[in-house]
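Required output: the full structure, derived from the provided sequences and hints.
Protein chains in written order, with the working numbering: chain A, 1 to 273; chain B, 1001 to 1287.
Incorrect hints may have been included.
To be verified - So, partial list: chain A residues that the calculated Cβ filter (under 10 Å) puts toward chain B: (1) PRO76; (2) ALA77; (3) ALA86; (4) ARG90; (5) ALA93; (6) SER105; (7) VAL106; (8) ILE110; (9) TRP125; (10) VAL179; (11) GLU182; (12) VAL259; (13) VAL260.
Stated by the list, open to error - Here are the simulated distance ranges between beta carbons: (14) ASP245/A with PHE1051/B: 44 to 54 Å; (15) SER105/A with VAL1088/B: 21 to 31 Å; (16) GLY36/A with LEU1076/B: 39 to 49 Å; (17) VAL1088/B with GLY246/A: 52 to 62 Å; (18) LEU127/A with GLU1277/B: 30 to 40 Å; (19) ALA135/A with TRP1014/B: 51 to 61 Å; (20) GLY233/A with LEU1116/B: 49 to 59 Å.
If you are wondering where the hints come from, they were derived from the structure by calculation, not from laboratory data.
All figures in this text were calculated on a predicted structure; none of them were measured in a lab.
Cβ coordinates follow ideal geometry from the N, Cα and C atoms, glycine included.
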Amino acid sequence: MPDPSVGSPVPGDRVAGDPADEPAVRLQGVSVAYGGRTIWSHGDLEIPSGGLVCIIGPNGSGKTSLLHLLLGMIPPASGTVEVLGAPARRGDARIGYVPQRFGDSVGDAITGRDLVRLGHTGSRWGLRRDRQVTAEVDAALDAVGGREFASRRLATLSGGQQQRIAVAQALVGSPEMLVLDEPLANLDLRNQRDVVDLLVGLREQRHVTMLVVVHDLNPFLPHLSGIVYLLDGHPHYGAVSDVVDGDLLTHLYGTSIQVVRTATGDLYTRART
Amino acid sequence: MTALLAEIGYQSNWVEILGAPFMRNAFIGGALVALAGGMIGYFVVVRGGEFAAHALGHIGFPGATGAVLLGLSPTLGLGVFCVAGALVIGALGHRAREQAVATGTVLAFATGLGILFASMATRNTSTVTSVLFGNLLAVSSDQIVVFAVVAVVIAAVLVVVARPLTLASVSPEVAAAKGVPVRALGTCFLVLMALATTVAVQVVGTLLLFALLVTPPAAALRFSARPVVVCGLGTLFGLVSVVLGLVVSVVFNLPPSFFIVTVSTLIWATSLVSTRERHRSTANVSE
Chain A
1 MPDPSVGSPV PGDRVAGDPA DEPAVRLQGV SVAYGGRTIW SHGDLEIPSG GLVCIIGPNG
61 SGKTSLLHLL LGMIPPASGT VEVLGAPARR GDARIGYVPQ RFGDSVGDAI TGRDLVRLGH
121 TGSRWGLRRD RQVTAEVDAA LDAVGGREFA SRRLATLSGG QQQRIAVAQA LVGSPEMLVL
181 DEPLANLDLR NQRDVVDLLV GLREQRHVTM LVVVHDLNPF LPHLSGIVYL LDGHPHYGAV
241 SDVVDGDLLT HLYGTSIQVV RTATGDLYTR ART
Chain B
1001 MTALLAEIGY QSNWVEILGA PFMRNAFIGG ALVALAGGMI GYFVVVRGGE FAAHALGHIG
1061 FPGATGAVLL GLSPTLGLGV FCVAGALVIG ALGHRAREQA VATGTVLAFA TGLGILFASM
1121 ATRNTSTVTS VLFGNLLAVS SDQIVVFAVV AVVIAAVLVV VARPLTLASV SPEVAAAKGV
1181 PVRALGTCFL VLMALATTVA VQVVGTLLLF ALLVTPPAAA LRFSARPVVV CGLGTLFGLV
1241 SVVLGLVVSV VFNLPPSFFI VTVSTLIWAT SLVSTRERHR STANVSE
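Here is the structure:
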């Protein structure tokens, strides 16, 4: 539930970025398939640059596939995918990526700091030393408030700390866009809010476009510039005020959802009981 | 007292034996193998190399005995079979590990094939024993050259791939997004592991491989999570195991493999006990 004190009036009617700007993402006639099965199709949308955009949809609707498509990790079955003005490709240093359940895969065999460093050096061959990298690692750790626990093994950190390291790792090459897959999963409410505040702050300071796959829209709702929703096998992009609609969300998740507006103008969604 | 010592195989001239030329080969050979295994040690423990250590050991066995049958060098047979096995495991990816029954059956068949080849060759028993349990005291100067080449190849490849391989090992998702060839690096690692296996089999044999390729870096990981430190400390643990194992084996005139594995196991057990407090205290932290 959003904190009333954060209270932006009616969110969602803001449109991030200058309309003249190149959109951060442009899909034209895109469909995605895994093993011959189409996950979604008719992807025609533009996401303006500079905003904070959540990607929602029920389980298995292809949210992660959309991220993988933008990262060039899977090719579209049809259509064209443009990211930051160029065709999507693997290894685009302008995009930082925080995968789902980041901490689980990493385990206890590496420290937070080494992991952040790999965000920079992990795609470089050879062993050349670079002082610049250390400065950038420190800057990324400072940006997420992670210096004090960065020298510990990742598995020994709390969920919130692990997520900060993950964000620092994605941030270290000064990307123009951050792509995060369920960064709030398995976090308690306080850590959820801390991570949301961190991402909102980073977007404002660094002007990075943020695309965030979420299950629960509410923690991000006061800060969003738009929403991508995967409905009936097609992705759409819309303004928050259009998407945060009881009927639409009810249809989307297949369970009755109510949109509530508080006296201070905050929106939130909840399951109707 | 003297009788008792003689009973357990004590050799009073052990200092003299340690200075013999064949002992020099054993020390140098063992040290090179500890180095070859230590350099890949971090990746072995992070990438679940315990599976590969078992599988490659089984696959190498028929290679070695088959080579003897054909009148070729067992080292060559070992190397060819291990590298081929590494390529197959790399191509199968996770499936090799998940299909436990299929993989186990293939490995058992490979071992059976190894015994068949050995029984068809004339010098069967000594070959089988030395492939299964290692024969460090019989390491020749030619073998030492092979060991050194393997160590240099592993070092040279690691200098190039170390960083992307580390990222691909700890976070394959991020590595893939960054354009790192995750699958190819996995196969590259398995080939390095096959090379290390080829030389390690000649020290401790296919059955005791684990103690030289997996146990030392696993112990090192208890003390540090820095890749370079784990490789360095793992190499040191491997070296101590080989050198101490050799010396004790000469003192008591018993097979070096036993003592090498014993020292390696003791180091590992010590690492568990001595870092238990540290691991417990950091496992339960909250913000």
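Structure-based check of all given hints:
For PRO76/A, the suggested interface contact is broken, since its CB lies about 16 Å from the closest CB of chain B, more than 10 Å. Checking ALA77/A against chain B: minimum C-beta separation of about 19 Å lies over 10 Å; hint violated. Evaluation of the ALA86/A hint against chain B yields a violated restraint, the C-beta minimum of about 14 Å exceeding 10 Å. A distance limit of 10 Å between C-beta atoms decides the matter here; for ARG90/A the minimum to chain B is near 4 Å, and the interface restraint holds.
Taking 10 Å as the C-beta cut-off, the interface hint given for ALA93/A holds, the closest approach to chain B being about 8 Å. At about 6 Å, the closest approach between the beta carbon of SER105/A and any beta carbon in chain B falls short of 10 Å, and the interface hint on this residue holds. At its closest, the beta carbon of VAL106/A sits 5 Å from a beta carbon of chain B; the interface hint therefore holds under the 10 Å criterion. Residue-level restraint check for ILE110/A holds (minimum Cβ-Cβ distance to chain B is 5 Å; threshold 10 Å).
Interface restraint check: TRP125/A against chain B, minimum CB-CB distance 5 Å, threshold 10 Å, status holds. Taking 10 Å as the C-beta cut-off, the interface hint given for VAL179/A holds, the closest approach to chain B being about 8 Å. At its closest, the beta carbon of GLU182/A sits 12 Å from a beta carbon of chain B; the interface hint therefore is violated under the 10 Å criterion. Using the Cβ-Cβ criterion of 10 Å, the hint placing VAL259/A at the interface with chain B is not satisfied: the shortest such distance is roughly 33 Å.
Look at VAL260/A: its Cβ only gets to about 31 Å from chain B, farther than 10 Å, so that hint breaks. Between ASP245/A and PHE1051/B the Cβ separation comes to about 51 Å, which falls inside the hinted range of 44 to 54 Å. Taken as a hint, the range 21 to 31 Å holds for the pair SER105/A and VAL1088/B, whose Cβ atoms sit roughly 25 Å apart. Between GLY36/A and LEU1076/B the beta carbon distance is about 44 Å. The supplied range of 39 to 49 Å therefore holds.
Checked against the given bound of 52 to 62 Å, the beta carbons of VAL1088/B and GLY246/A, roughly 56 Å apart, stay inside it. Judged by the Cβ atoms, the range 30 to 40 Å given for LEU127/A and GLU1277/B holds: they are separated by roughly 34 Å. At about 56 Å, the beta-carbon gap between ALA135/A and TRP1014/B stays in the expected band of 51 to 61 Å. Our hint of 49 to 59 Å for GLY233/A and LEU1116/B holds, since their Cβ atoms are close to 57 Å apart.
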